[in-house]
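**Student:** Each chain, written out:
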Amino acid sequence: MVDLPEKKVGVISCSGEGCVEGTISRVATRMVLEQLRPDQTVTICLPLFLAGGEEERAFARYYPTITVDGCEKKCAKVGTERYSGKPASSIVVTDLTGNPGCSKSPSRRQLDREALILAEKVAQRIAQEVDEVLKHWR
Amino acid sequence: MKTTMQKKVIVIPCSGIGKALGSISREAAYEVVESLRKGVTETTCLALITSGDTETLQLVKSNKCITVDGCPLQCAEKNVRLAGGDVAASFRVVDALKENRKLKPKTVTFLDHDGQQLSVILARDIAKKVDELVEK
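Protein chains in written order, with this note's numbering: chain A, 1 to 138; chain Z, 1001 to 1136.
Think of the hints as simulated: they come from the structure by calculation, not from any bench.
Bear in mind that the values here come from a model prediction, so they are computed numbers and not experimental data.
Virtual Cβ for every residue (Gly too), placed ideally from N, Cα, C.
Careful: at least some of the hints might be erroneous.
[As the list claims (entries may be wrong)] Here are some chain A residues the structure puts well away from chain Z; computed CB gaps all over 10 Å:
id : residue
1  : Leu36
2  : Pro38
3  : Asp39
4  : Gly85
5  : Ser90
6  : Glu114
7  : Glu120
8  : Arg125
9  : Asp131
10 : Glu132
11 : Val133
12 : His136
[What the hints assert, rightly or not] Using C-beta positions, here's what the derived DEER-type ranges look like:
id : chain 1 : residue 1 : chain 2 : residue 2 : range
13 : Z       : Val1120   : A       : Gln124    : 30 to 40 Å
14 : Z       : Ser1035   : A       : Lys135    : 29 to 39 Å
15 : Z       : Lys1136   : A       : Gln128    : 28 to 38 Å
16 : A       : Gly101    : Z       : His1113   : 31 to 41 Å
17 : Z       : Lys1136   : A       : Pro38     : 24 to 34 Å
[What the hints assert, rightly or not] Each computed DSBU-like pair below joins lysine-lysine, with the alpha-carbon atoms no more than 30 Å apart:
id : chain 1 : residue 1 : chain 2 : residue 2
18 : A       : Lys86     : Z       : Lys1098
19 : Z       : Lys1061   : Z       : Lys1128
20 : Z       : Lys1064   : A       : Lys74
21 : Z       : Lys1038   : Z       : Lys1129
22 : A       : Lys7      : Z       : Lys1019
23 : A       : Lys7      : A       : Lys74
24 : A       : Lys74     : Z       : Lys1007
25 : Z       : Lys1008   : Z       : Lys1136
26 : Z       : Lys1136   : A       : Lys74
27 : A       : Lys104    : Z       : Lys1019
28 : A       : Lys8      : Z       : Lys1106
29 : A       : Lys74     : Z       : Lys1019
30 : A       : Lys8      : Z       : Lys1098
31 : Z       : Lys1019   : A       : Lys121
32 : Z       : Lys1136   : A       : Lys135
33 : Z       : Lys1061   : Z       : Lys1102
34 : A       : Lys74     : Z       : Lys1128
35 : A       : Lys104    : Z       : Lys1098
36 : A       : Lys104    : Z       : Lys1102
37 : A       : Lys121    : Z       : Lys1106
38 : Z       : Lys1008   : A       : Lys8
39 : Z       : Lys1098   : A       : Lys74
40 : Z       : Lys1106   : Z       : Lys1136
I would like the entire structure built from these sequences, with the hints used as guidance.
**Tutor:** Following this line, the structure appears as structure tokens:
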């Protein structure tokens, strides 16, 4: 039997390796888990979720999720909808930057100061969505 | 005139987000594609492969791939194989950790010293494999 946690929101990031925005989605998600809402959130490993991780899929089926995607292809949202259910909220990094598409510079590997500031902004937005979801929890 | 894209080795980490192992897989992949074997390698989003993006599927089917997984669940390898990708080699961070027991990586978001060191060790092994694949 799957062991599900109590009253938590699942934050699912695309963590896309191909573009800077994928790294931002990942770092922002970790900021929420470690600093902003550590007691209210868990994360789900997207590749495991998509590879058939039963525990991950069960969580996303019965608990609210927030997907965090780097670009407009929205792989985390698409995967969550396909394998479990509609996320309670969906955030796309490029929607916040106003620059559509996937950028490969300055660095996908190590975020520069500007990208880190954007990651913090995305993290704040995720935290707001977590609060909203918990407020309407039934 | 028809142009032919130069073949590259595609290095695909799992980037698992729950533990340091996933971050090490990601860092090792970047070390190879952005530093050790820049130009002959590239990476792509694993999530794009799993969501069936046509262009990305074509990329992994027409080039040799190296998958880099954090844990024994091997999500990167499984997902690339399921998508019909050409997996020429696969690496696991847990194996590198067994061979380097003195290293104890802990942090996930930004790797600590031990995590960085393990990613460099793993990246060197991946780079050797890239050389073998390029020579073939």
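**Student:** Compare the structure with each hint and give your call.
**Tutor:** To see whether the hints hold, each was checked on the structure:
no.: 1; hint: Leu36; in the structure: holds, 12 Å
no.: 2; hint: Pro38; in the structure: holds, 13 Å
no.: 3; hint: Asp39; in the structure: holds, 17 Å
no.: 4; hint: Gly85; in the structure: holds, 16 Å
no.: 5; hint: Ser90; in the structure: holds, 14 Å
no.: 6; hint: Glu114; in the structure: holds, 17 Å
no.: 7; hint: Glu120; in the structure: holds, 12 Å
no.: 8; hint: Arg125; in the structure: holds, 17 Å
no.: 9; hint: Asp131; in the structure: holds, 21 Å
no.: 10; hint: Glu132; in the structure: holds, 22 Å
no.: 11; hint: Val133; in the structure: holds, 19 Å
no.: 12; hint: His136; in the structure: holds, 26 Å
no.: 13; hint: Val1120/Z <-> Gln124/A: 30 to 40 Å; in the structure: holds, 33 Å
no.: 14; hint: Ser1035/Z <-> Lys135/A: 29 to 39 Å; in the structure: violated, 46 Å
no.: 15; hint: Lys1136/Z <-> Gln128/A: 28 to 38 Å; in the structure: violated, 52 Å
no.: 16; hint: Gly101/A <-> His1113/Z: 31 to 41 Å; in the structure: holds, 35 Å
no.: 17; hint: Lys1136/Z <-> Pro38/A: 24 to 34 Å; in the structure: violated, 48 Å
no.: 18; hint: Lys86/A <-> Lys1098/Z; in the structure: violated, 40 Å
no.: 19; hint: Lys1061/Z <-> Lys1128/Z; in the structure: holds, 22 Å
no.: 20; hint: Lys1064/Z <-> Lys74/A; in the structure: holds, 26 Å
no.: 21; hint: Lys1038/Z <-> Lys1129/Z; in the structure: holds, 14 Å
no.: 22; hint: Lys7/A <-> Lys1019/Z; in the structure: holds, 22 Å
no.: 23; hint: Lys7/A <-> Lys74/A; in the structure: holds, 26 Å
no.: 24; hint: Lys74/A <-> Lys1007/Z; in the structure: holds, 28 Å
no.: 25; hint: Lys1008/Z <-> Lys1136/Z; in the structure: holds, 12 Å
no.: 26; hint: Lys1136/Z <-> Lys74/A; in the structure: violated, 37 Å
no.: 27; hint: Lys104/A <-> Lys1019/Z; in the structure: holds, 25 Å
no.: 28; hint: Lys8/A <-> Lys1106/Z; in the structure: holds, 24 Å
no.: 29; hint: Lys74/A <-> Lys1019/Z; in the structure: holds, 23 Å
no.: 30; hint: Lys8/A <-> Lys1098/Z; in the structure: violated, 34 Å
no.: 31; hint: Lys1019/Z <-> Lys121/A; in the structure: holds, 23 Å
no.: 32; hint: Lys1136/Z <-> Lys135/A; in the structure: violated, 59 Å
no.: 33; hint: Lys1061/Z <-> Lys1102/Z; in the structure: violated, 38 Å
no.: 34; hint: Lys74/A <-> Lys1128/Z; in the structure: violated, 34 Å
no.: 35; hint: Lys104/A <-> Lys1098/Z; in the structure: violated, 33 Å
no.: 36; hint: Lys104/A <-> Lys1102/Z; in the structure: violated, 35 Å
no.: 37; hint: Lys121/A <-> Lys1106/Z; in the structure: holds, 25 Å
no.: 38; hint: Lys1008/Z <-> Lys8/A; in the structure: violated, 42 Å
no.: 39; hint: Lys1098/Z <-> Lys74/A; in the structure: violated, 36 Å
no.: 40; hint: Lys1106/Z <-> Lys1136/Z; in the structure: violated, 38 Å
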